[in-house]
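Engineer: Spelled out, the chains give:
There are 2 protein chains.
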Amino acid sequence: MTMDPNVLHNISYGMYVVSSFKDDAFNAQIVNTVFQITNEPITIAISINKKNLTHEYIAASKIFTVSVLEQDTPITVIGKFGFKTGRSFDKFKDTKFRKLDSGCPVVLDNAVCFLEAKVINSFDCGTHTLFLGEMAHSEILKQGKVMTYEYYHQVKHGGTPENAPTYIKKER
Amino acid sequence: MTMDPNVLHNISYGMYVVSSFKDDAFNAQIVNTVFQITNEPITIAISINKKNLTHEYIAASKIFTVSVLEQDTPITVIGKFGFKTGRSFDKFKDTKFRKLDSGCPVVLDNAVCFLEAKVINSFDCGTHTLFLGEMAHSEILKQGKVMTYEYYHQVKHGGTPENAPTYIKKER
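Protein chains in written order, with the working numbering: chain S, 1 to 172; chain B, 1001 to 1172.
Please keep in mind that the hints were generated in silico from the structure rather than gathered at the bench. All residues carry an ideal CB built from backbone N, CA and C; glycine is no exception. If a hint is listed, it holds; no wrong ones were tucked in.
In the DSS-like style, the derived pairs of lysine-lysine whose C-alpha atoms are separated by at most 30 Å in a straight line are: (1) B/Lys1050 x S/Lys62; (2) S/Lys142 x B/Lys1145; (3) B/Lys1145 x S/Lys145; (4) B/Lys1142 x S/Lys156; (5) B/Lys1062 x S/Lys50; (6) S/Lys145 x B/Lys1142; (7) S/Lys118 x B/Lys1050; (8) S/Lys156 x B/Lys1156.
If you anchor each label on the Cβ, the simulated ranges turn out as follows: (9) S/Asp101 x B/Phe1089: 42 to 50 Å; (10) B/Gly1144 x S/Ser88: 37 to 45 Å; (11) B/Asp1124 x S/Asp101: 24 to 32 Å; (12) S/Asp24 x B/His1157: 47 to 55 Å; (13) S/Glu134 x B/His1157: 25 to 33 Å; (14) S/Pro74 x B/His1157: 27 to 35 Å; (15) S/Lys96 x B/Lys1022: 49 to 57 Å; (16) S/Lys142 x B/Arg1087: 41 to 49 Å; (17) B/Ser1088 x S/Asp24: 56 to 64 Å.
In isolation and in its complexed conformation, chain S is listed as follows:
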């Protein structure tokens, strides 16, 4: 049986900041696995590691937002949201964001658009949970190309944190 993990590098993704909240606390993290699943109603699935603080907040509030990052998002922004934990660092301190009517924050820095989704189901996938959300709000913020996962790796030379769905051991 052949098993070439390089195949996984040929799957296409975008780069997103997923935000959620629990009571008065906000958190956000970088996610590349954001996908539309159905169109009637419009549902969006995201894969989140169970160890992440954002997982705890989405499970509690049943609401998340997705900010679609622009192509020239600074690597420092990916670093802030993707490689630090909200347990010991306030990711919203120097971040431009909006608090939606639901109470959920949405990150506006470097976002070309965003959507808000209300969780209607969650699927246990071992180390990760697939949250299925129905889109409740969506806005275009500006025109511009979005950052793809390929662009982040090939042009920005970015890495993948260990808790990501697409983390592959040889990146260690």
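Go by the hints and put chain B onto chain S.
Structural biologist: Below, chain B without anything else, positioned relative to chain S:
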């Protein structure tokens, strides 16, 4: 509440042919929603419309393959797999493919690589099912850029069939 469906055009996807089988019958269809969910084990999720023949075959055999399409895949190939039904048309008749040990076919035409997955769970998402498969086999076939959903729409001027997760009404 604001709801701008154009936000959905800013989510990034690839372009794939997903194949499966039932007894001696093969079928395949175009899918853009293919994504890695976990890395230990390596699992892959795909969203398939319940009306599709490929859905019936995956539900029966619990096996599917994903062929990652190259950037310059002819629009006629997308048309064959994405806009015709295997109920009245043999999509494998003039297609280069391989039958894997499991019995599952994998399309080789215009594929830079492929993977095979064994279904370990399936999640009901209304009109679509999210099949979660554990990767069992994967091969690189050639080097080259992959086709993204954005490239297919913007450069190839391709459309989206009504059964796709990302079909949006205004495309009618």
